[in-house]
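Taken in order, these protein sequences are the chains called A and B. Mapping of the first sequence onto my numbering: residues 1 to 557, in sequence order. Mapping of the second sequence onto my numbering: residues 1 to 233, in sequence order.
Treat each hint with caution, since some may be false.
[Stated by the list, open to error] The calculated lysine-lysine pairs, modelled on BS3-like cross-linking and capped at a C-alpha distance of 25 Å, are:
1) K294(A) <-> K251(A)
2) K251(A) <-> K207(A)
3) K87(A) <-> K15(A)
4) K35(A) <-> K41(B)
5) K71(B) <-> K268(A)
6) K268(A) <-> K73(B)
7) K386(A) <-> K486(A)
8) K207(A) <-> K73(B)
9) K104(B) <-> K128(A)
10) K133(A) <-> K21(B)
11) K21(B) <-> K47(B)
12) K128(A) <-> K41(B)
13) K133(A) <-> K15(A)
14) K204(B) <-> K207(A)
15) K237(A) <-> K74(B)
16) K268(A) <-> K74(B)
17) K104(B) <-> K133(A)
18) K35(A) <-> K21(B)
19) K204(B) <-> K237(A)
20) K418(A) <-> K486(A)
21) K237(A) <-> K71(B)
22) K507(A) <-> K519(A)
23) K73(B) <-> K237(A)
24) K35(A) <-> K63(A)
25) K21(B) <-> K134(A)
26) K104(B) <-> K143(B)
27) K134(A) <-> K35(A)
The hints are simulated quantities; they were obtained by calculation from the structure and are not laboratory data.
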Amino acid sequence: MAYLHKDPVPPTVDKLKHYKALVVDDFVNFRRTVKGMLAGLGVAHIVDAFDGESALLRLSSSKYDIVLCDYNLGPGKDGQQVFEEAKHYQYINYMTIFMMVTAENSMDMVMGVVEHMPDDYLMKPFTKQMLEKKLLSVLEKKIALREIIETIEVMDYDRALTLCDEAIGKGPKHIREVLRIKGEIFAKRGDHQQTEAFYKEVAAMGKIPWALFGVGKCQYQQGWLEEAKVTFTQLIKMNNKVMAAYDWLAKVLDAMGSPQEAQTVLMKATEISPRALGRQRELGAIARKNQDLKTAVKSFRSAITFGKNSAFKAPSDYATLARVLVDADSPQESLSVLGDAHQTFPRDDLGATVEIGLAESFVYQRMNRKEEAKEAINNVIRATEKSSVKVPADVELELAKALILSGDGEKGKEIVRKLIQSNHENEELITDTKKMFAGLDMAKEGQELLEAAVEEVVELNNEGVKLVKEGELAKATSYFDKAAEKLPYNTLINANAAYACMLDMKKNGKTSESIQKAKKYLERVYRGNPQYGDLPRLLTVYREISKEPLSWMTATA
Amino acid sequence: MDDSDSLEFSDILASTMHDTKNSLGMLYNTLDTLISQCQEKGCTVQKDHFLLQYELRRLNHNFIRMLSLYKAKKANFSISLDYHSVSDCLDEAIVVNEPLLTSKGIDIELQCPEDLFWSFDKELITGILDSMLNNEYLYTKDKLMVSAGREDGYLVIQLEDNGPGYPDCFVMDSRQNSGSAGSHVSFLTGSTGLGLYFSFLVAKSHTRDGREGFIRTMNGGIYNGSVFSLYLP
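Just need the whole structure built from these sequences, with the hints factored in.
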């Protein structure tokens, strides 16, 4: 069949020769067979793994081009979890071919949506010809769409959309992927209404789960909670194995002020797919909110168990479990959880040291062992002073609270001030901070502190913006250099520092030094908030001036 | 034995079947290797090998069907819809069956527009086609036509052969006995019946705007043999 727009040279089996493949199956004979097939296709480097944990270990230590992973891997992680974790930790990237091997059809499988869908499925038993055909067709698709993916990675969304439309115009060959990618671009651009309209159009072509999922997310983001609830409920009714729909339904219900219903939904989901660590964590948090301490303890214990020996283990699971156990009148158990945490995380892991130390102080405080509580906090402070690593905002807030509680109010407030100045546009954090002060009976004092801190940043920024508007670009640049020096974690200040510097280059010519500087500020913005609204626009300006991509943004290579 | 120790017999069956299916898969792969080695050397026993392959694939499809129906009974019959190229889907089913069918001199023709895309569960639909094509090893004489197109807002996938055709008891239109599936066709008459029953269930689980998928079997068609049609809304 002569078809118009195939890629000029579709990949051939020769292409597979330099590839590295990983075969994951709990059944040794099957691994041997598939390895034989891959060898028959010329793949030179083939290794195998017998369960999800060892597969992830392999993937974390070496890069693979092809992963053939059985879905049902026995008692441990299933294939979908292997895929999602590998993706989350960037063990695999866009060019990695990940195929899910299934025993029968998909009926019994937990399904991922959008970015969590494997490249294809292989139903057992399959032959060498089938494997070859599927590998080559996935590879062809990846090569055809590679440019679009790379354009998205550097946040050049307008161009990426143009490329998508060009691809659609060429013919229907990869239409499903292109539509999926197009939805993701709309979502990344942040226009929820436009994104929703697009997904609705796709969903109208036949109730496609990923499109409905996109509709639901947009509805949530626009605050249409009732509509979002209906969408996610419908999605679950259509296919009760689309697990992400449960997570989002719970999120919607919680936002609607029904944490009890949210918990019910998450409990149903953990029944279907109990080994999902993130969901156990969410369930633990919502159960804690609902004062259902028994469920909270159970969920956090599960999260800890599933996290053991995995890159997903988090000190916060131990810390929160310890706090819940104290509330449940089991302080001894609580201390033993924290002892376990000390064993699990290395001393030089600052984030862990802080979180565990704070939980310890909390537990001792509640046990009325004041001295030990104080000692725990001092340990935390010593650790933060020694290190230059930044701890997450919520942990810092927790530290401030502990300090204030232990009588060191000035130190605590100073931490809050710095934290707010680095994140003065983060509404969620500001709300949390207000809540914290209210809980400490310091609502008024807290409010004043917050306002002053925000005000200071706004003034600092406005002054610089004024210089830019007046056309004093050199002055503006050096002004923002100083401001960014003062607030290296503030996204707005860094964004404006980059902008001033780039305007200056446009007008007065570029130097490699000023390009480096712009790059540094842009990277700070990206690290601080990859979804920062103005970032794509700033990056466009950067590309115009420097004529080169930003190396820290491209991950497909 | 207390309650928590005892297993449901259906679970035992399913688990055993699953395990047996794994072994079957190994047999199948071993045979596939044998066949290709044989082809290189030009052995004379190839015909028997293909007969073996046909029977193994038949067994495999039976297992898939059983396990799927068992799971559907346990939970609901959940399908995963996505937007797929129909020709890719047909192509995949044909690639798997081609060596077997051509070994008997059966000529397969595919007619499907390249720009035909539809929303369906690819694994389930490919599975059905795969099973149907395998059966043609016994049923058709030497011709087979696989085609797809649009008809009244439905996607129609059709299989036509020049074999003896369906016996009267298998000629049906599942729309006419929906509700009481198999009221006038005995789905339980051997493997063909169960195969049709499974296709019927899969088709029926595809719904859109209040319309359900269905299957139709008749005799005649371009080769004056059997005609199997799968309609998806």
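Here's how the hints hold up against the structure:
1. K294(A) <-> K251(A): Measuring from Cα to Cα gives roughly 21 Å; hence the hint holds.
2. K251(A) <-> K207(A): Cα-Cα ~22 Å, so holds.
3. K87(A) <-> K15(A): holds (24 Å)
4. K35(A) <-> K41(B): holds (24 Å)
5. K71(B) <-> K268(A): holds (18 Å)
6. K268(A) <-> K73(B): This hinted pair holds, its Cα atoms lying about 19 Å apart.
7. K386(A) <-> K486(A): holds (20 Å)
8. K207(A) <-> K73(B): holds (24 Å)
9. K104(B) <-> K128(A): Given pair K104(B), K128(A) holds - Cα atoms ~21 Å apart, limit 25 Å.
10. K133(A) <-> K21(B): holds (24 Å)
11. K21(B) <-> K47(B): Holds: K21(B) and K47(B) sit about 24 Å apart, inside 25 Å.
12. K128(A) <-> K41(B): holds (19 Å)
13. K133(A) <-> K15(A): Measuring from Cα to Cα gives roughly 13 Å; hence the hint holds.
14. K204(B) <-> K207(A): holds (15 Å)
15. K237(A) <-> K74(B): holds (16 Å)
16. K268(A) <-> K74(B): Roughly 16 Å separates the two Cα atoms, so the pair holds.
17. K104(B) <-> K133(A): Holds: K104(B) and K133(A) sit about 23 Å apart, inside 25 Å.
18. K35(A) <-> K21(B): holds (20 Å)
19. K204(B) <-> K237(A): holds (16 Å)
20. K418(A) <-> K486(A): Status holds; Cα separation ~10 Å.
21. K237(A) <-> K71(B): holds (17 Å)
22. K507(A) <-> K519(A): holds (18 Å)
23. K73(B) <-> K237(A): At roughly 16 Å apart (the allowed maximum being 25 Å), K237(A) and K73(B) satisfy the hint.
24. K35(A) <-> K63(A): Status holds; Cα separation ~17 Å.
25. K21(B) <-> K134(A): Holds: K21(B) and K134(A) sit about 22 Å apart, inside 25 Å.
26. K104(B) <-> K143(B): Roughly 11 Å between the alpha carbons, so the hint for K104(B) and K143(B) holds.
27. K134(A) <-> K35(A): holds (16 Å)
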